[in-house]
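The residues making up each chain are set out below.
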Amino acid sequence: MRLLPLVRQFVLRPLRADPTRTGLTLLAIALGVAVVVAIDLAGDAAVGSFQSSVTSLLGPVDFEITANGGIDENVMAKLTALPVNAKFGATIEQRVATRGNLPVLMFGIETILDPTAAVVSRDLATRFNWKPGDVVRLHAAARTAEFRIRSIDPDEKNEWIAVDIAPAQQLLESYGHIDHVEVIVGANENANAVERAMQGAIPFGYDISTPGARAEDSQRMLRAFRTNLGVLSYISLLVGAFLIYNTIAVSVVRRRVEIGILRGLGVGRRGILAIFLGEAALLGIVGSLAGIALGRIMASALVDTISRTVNSIFLTSSPGKVAFAWLPALLAFAAGTAVAVISALIPAREAAGVPPAEAMRREARQHEARVHAGRDLAFAGVACLLAIVFGQFGPVGGRPLTGYAAALCAVAAAALISPAFVSSAIHSLRGLLRRVPGAAGLIAGRSLVASLARTSVVVTALATAIAMTISVGIMVTSFRETVQIWLENRLQADIYLRAAGQPGAGVFPPIAPQVYGIVAATPGVDEVDAFHGFSFRYEGQQSTFGASNTAIMLRHGPPKFLSGDADTILRSLPNRNRVIVTEPFANKHHVRTGDVLRIALGPTQIPFTVAGIYYDYSSHRGLVIADWSTMRKYLPDQPATDIAVYVRKGVNANRVRYDLESRLADYDVSLAANEALRTSALTVFDRTFAVTWALEAIALVVAMLGTANSLLALVLDRRREIGLIRCLGADDGQIRRMVLTEAALIGLLAAGLGLILGTALSLDLIYVINRQSFGWTIQFHPPLGLLAAALFLLWIFTVAAGIYPARFAARLQPAETAHEE
Amino acid sequence: MFSGENSPELTVAVNVQDVRKTYEGGVEALRGVSLQLRAGEITALLGRSGCGKTTLLNLCGAMDFPTSGVIQVAGHVTTGLGDRQLTRLRREKIGFVFQFFQLLPTLTAIENVELPLLLAGARNSMQTARERLEWVGLPEKAESLPWQLSGGQMQRVAIARALAHTPAILIADEPTGNLDTASGEVVLQLIRRAAREFGAAVAIATHSAEAAAIADIRIRMRDGLIESIE
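The listed protein sequences correspond, in order, to chains A and B. Just so you know, the first sequence maps onto residues -1 to 819 in our numbering. Just so you know, the second sequence maps onto residues 4 to 233 in our numbering.
None of these hints come from the bench; they were simulated from the model. One or more hints might be untrue.
Said to hold, decoys possible - Each computed SDA-like pair below joins lysine to any residue, with the alpha-carbon atoms no more than 25 Å apart:
1) B/K144 - A/S426
2) A/K631 - A/F790
3) B/K144 - A/L431
Excised from the complex, chain A in its bound form (with noise of 0.2 Å):
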């Protein structure tokens, strides 16, 4: 059999011949593919590189040391005196702030030389429109430093600028600390020697490990997040899955007696399976490509709104450019094709089942998928069962697996119920349905129950789409209303400290020591509580530990712990090696209330009994906290990183708040009222999820599309019996009010099962995605208002999605159609 053409003329030519629904079609898979392709693209750009810009100044390191609270210096002259060729390089390595007080990641390293010279990365260079020459003022804590510009890195992946180490120490006030020391092995040196080497030499506790393990770190804390919006990005391509399927189905249906003609002509089961496969891979194909183009495109709108959520809750990286990786695209291309041939499966077996005997039949006969009821009703109660199971399990590898593959099965259980749900509804609704004037409703209803296969289809694909919108509103409204319920809690302080520059996720800049001073002298301050946090590894994963005045923590607004009295808790702290966690890192590293966490302050590891474990949504990372009395211990002279001002009562705030800023001109703070942090913190979660929201809205165009093309279809499936209705007197009103009856039906069908299913999926995203993504626990707060409002608007574009097909079935003549045979 000669493929070619059979291709031509059973496969683009109907093609081309609708070009209104190939074109739906090819739209909605384009976005589907588009969204998957922009989210992969950006989260790479945003997160930026974590390949360590050391590289580029001294080369390819092999080994990094690090430790909690910062590496004694001493410890160099121990290394450099190891009898093996390799070099050690005391690095300092921290954020401070240049022009526009915006932070910048700077160096400080041995090989500069020159105190007053400093290299910058092209990066950033390019950033600020640097050039060799220019001088840069850095400032830092209470301190100011002048560099000028010696060259130029080539690297353009990252932002940094790179000085002499102790102008370095100078700038930051952190003498006799460094951050890391890099080693880099001689040739012909032994690697694994050398690693023994200083492991005889580096105190305990200090920690030796690759380059690349940084970047490893750096990825795990964002693969929950990533993956969390890689599954939400799947979500188009699955309501597109559906689109394709009733695709193919209808062209399945309108070309029954070409497929018999076919077979009687000698064509096989396979040749005709081929045919229907073939229109899906090319839908899926073409879909695809223009997808792929239409994703690197969105890719860079939505960088940025990646870039400040990466920024603000997991870590700081400096974003690059959008670059267009082949991986995601043929990633993409893969799935979008997979999807579109998968979908089509079962309709192209359907069309390879139809006998030659079809070709014989003068009347059309509207064949209609067998719906079998019972089967599909005892699958679904399978699938929610599935369901409840998976959402017990825990996550695997770090990750939610079980909570989507709970989400997989509440979709499915949707999709066995929608039939059933269907045609019950509608059954229901018949009394209602008559009044609707002209016969319109009577005829509406029972057009959707008669091709109740492919109503079912498009009624799922829309209420696919609408439980996303649902559950997410519901995750992220309650999430709002837990963290503002927390806030009020928590942040009870008038005004808050810290360094100045944009906070990033995990770091915490120092505050110069002579601030707090200032700041307990202010006439008008009561208390004031320093806080001290550093960035440390327990079990492989960043965490913080820091440092708190737990006697303030008590008298104001003591945190919410999951058991026990508060009181009692932060009383046992002070001067004791005793912590609280927060429920993120009790999740995270199996941690109960009496376990001990042997962590490494300096040289020493101690082992901590965590006291309590308390609520809290400042940072997914987790927290461990001491009181002050117990880091001095271990950790003397560590500088504040945040100050909590409480001022005395009946004193106003505004006017301490005005003192304090006065006071402290001269050194690198930025303050805050208590209400503008609050603010900020919502302001933050807000743009958290605004990449949230552009998925969502993107599925529900494709779910649109999906609704347009299928009513399109019934229209043209129905032509005959429209011309009949306009033989019968009917007008061209009546006919538009028939189909758009039929779209707000399968509007209000698609909501009321959206609304089950968003609800159920909700409870997944809440009580197990979330939970095992980031630890934390979110009281359950549907908004129903909102709820309300945002399923009349969806119904109302359901209704707007049927104008065009509407329109069409309206322009159709009786004499054309009515004695159609």
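With the hints as your guide, set chain B onto chain A.
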């Protein structure tokens, strides 16, 4: 606009004057036809496939316009009427019976009969529909769906539907073409009764000798022209 009553004075329900119809592509379906359909009379259109019978029926049924000539349906010249006006004319004055019954498969028998009345916004539509279903002798089949009826029963329901709004004109295109002899005979008797009892002007396009036999006037057509009138 259009009277709901069949006025006995309006004996000429449809007046066709030198009508031509040319379709896109230059196909001349009618090449100058003139005839009249009178109230209470059955006119049979006979001829081979492609002689123009169906085109003429479409024009008489206000489903299409002539390329030239004049057609008056229930006293109204159809040329120049807008789509809405034509639709209203069909809704109030014309009933259709098709070869392949053309019942809506999703509606029951009684709902199919009621449909024209619902489209017209008529009151007591269900009561009237029951009366028409009784008239064709199928009251017990009211709740049956079309696939549950025989061919003859479906065509009887179609006749009931066509007569639901008491039309002045009944257009039947090969009404017995898909029926066995016995069922066809029943259908033809109903059509004859429709002409006598409802005063409708009936036009039947047919190949069937039995259908031709019940006609008061037999018009033979060939290649878009009237060959003879008996």
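Outcome of the hint check:
Between B/K144 and A/S426 the CA atoms are separated by roughly 24 Å; this keeps the pair inside 25 Å, and the hint holds. Distance hint between A/K631 and A/F790 is unfulfilled; the C-alpha atoms sit about 61 Å from each other, more than 25 Å. At most 25 Å may separate the alpha-carbon atoms for a hinted pair to count; B/K144 and A/L431 meet this at roughly 23 Å.
In this structure, the one hint that does not hold is number 2.
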